[in-house]
Amino acid sequence: MNAGDAKNAEKKKKESVFDLSKYLDKQVRVKFQGGREATGVLKGFDQLLNLVLDNTTEFLRDPDDPYKLTEDTRPLGLVVCRGPAVVVVCPVDGMEQIPNPFIQHE
Amino acid sequence: MLPLTLLRTAQNHPMVSGSHSSDASLNSALISKLVELKNGETFNGHLVSCDNWMNIHLREVICTSRDGDKFVRINECYIRGSTIKYLRIPDEVIDLVKEEHNRKESKRPQVKERKFNKAMPNKFSAPKKKKM
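Residue numbers (this note's numbering), protein chains in the order written: chain A, 1 to 106; chain B, 1001 to 1132.
Where hints are given, some of them may not hold.
Cross-link-like lysine-lysine pairs, in silico, DSS-like; alpha carbons within 27 Å at most [to be verified]:
| # | chain 1 | residue 1 | chain 2 | residue 2 |
| --- | --- | --- | --- | --- |
| 1 | B | K1098 | A | K68 |
| 2 | B | K1098 | A | K26 |
| 3 | A | K26 | A | K68 |
| 4 | B | K1085 | B | K1104 |
| 5 | B | K1070 | A | K68 |
| 6 | B | K1070 | B | K1085 |
| 7 | A | K43 | A | K22 |
| 8 | A | K43 | A | K26 |
| 9 | B | K1070 | B | K1038 |
| 10 | A | K68 | B | K1107 |
| 11 | B | K1038 | B | K1107 |
By construction, these hints were calculated from the structure, which means they are not laboratory data.
Let the hints inform the model, and build the full structure from the sequences given.
Right under this line is the structure:
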């Protein structure tokens, strides 16, 4: 029973949490604790949100402000991202910078 | 009223027409929320699901940078619960929570009574017979 419950819990976990399997072999953008950001092709992941990214490029940051990105990037290649350091994961497809969308409502 | 109860209710229910009708993303039937992360970025989007760790799945997201000068539209994103500073949820959700609570309260006693009537006598009588 306990093992079954654990399995069910795991299933629930996987269901409720964002399903990363549909982004396998797709470009994803990852933000890390501390301000680093990178994109890469998602090659694998586990339930702890450790990620394997291929062809990764890191977005370099302003030396004065670790949270401000600059235009510069650097290639990292194949990377394992540690789950606890991951803050946000999103697909690059459909990501676009837009003008302030909140002005019209105010 | 538990924080995660509120979130779970927000994820289950369609948006109620009301204070957020001016929202541009009204068309979606999900509840829109604002999430601020510890790093200062905010995410406006529709809550698809959350779990016990407050990990969150948002759709139709607008990510605002820390300084509020950059805005990025994202179809879908996953946010780790431990990095969230706070969430803003539409006021309607609190009423939904109360409704749900009342519904559950009215159901619970009936279920318990049934269990008592059927299960209790069997549990006590079965071992006695074996011992005898």
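Given the hinted pair K43 (chain A) and K26 (chain A), is their alpha-carbon gap at most 27 Å? The given pair, whose Cα atoms are some 8 Å apart, holds under the 27 Å limit.
Just to be careful, I want the Cα atoms of K1070 (chain B) and K1085 (chain B) compared with a cutoff of 27 Å; is the pair within it? holds, 20 Å
Under the criterion that the straight-line Cα-Cα distance not exceed 27 Å, is the pair K1070 (chain B), K68 (chain A) satisfied? Holds, because 10 Å separates the two Cα atoms, which is no more than 27 Å.
Can the restraint linking K26 (chain A) and K68 (chain A) be considered satisfied, given a maximum Cα separation of 27 Å? holds, 25 Å
Holds or violated: are the alpha carbons of K1098 (chain B) and K26 (chain A) at most 27 Å from each other? violated, 42 Å
Going straight from one Cα to the other, do K1038 (chain B) and K1107 (chain B) come out at no more than 27 Å? violated, 40 Å
27 Å limit on alpha-carbon distance, applied to hinted pair K1070 (chain B) and K1038 (chain B): holds, 17 Å
Need the status of pair K1098 (chain B), K68 (chain A): alpha-carbon distance at most 27 Å? violated, 42 Å
Straight-line Cα separation of K1085 (chain B) and K1104 (chain B) no greater than 27 Å? violated, 30 Å
Could you grab the alpha-carbon distance between K68 (chain A) and K1107 (chain B) and see if it respects the 27 Å cut-off? violated, 53 Å
Hint consistency between K43 (chain A) and K22 (chain A) [alpha-carbon to alpha-carbon, up to 27 Å]: holds, 11 Å
In summary, the structure is inconsistent with hints 1, 2, 4, 10 and 11 from the numbered list given earlier, while agreeing with the others.
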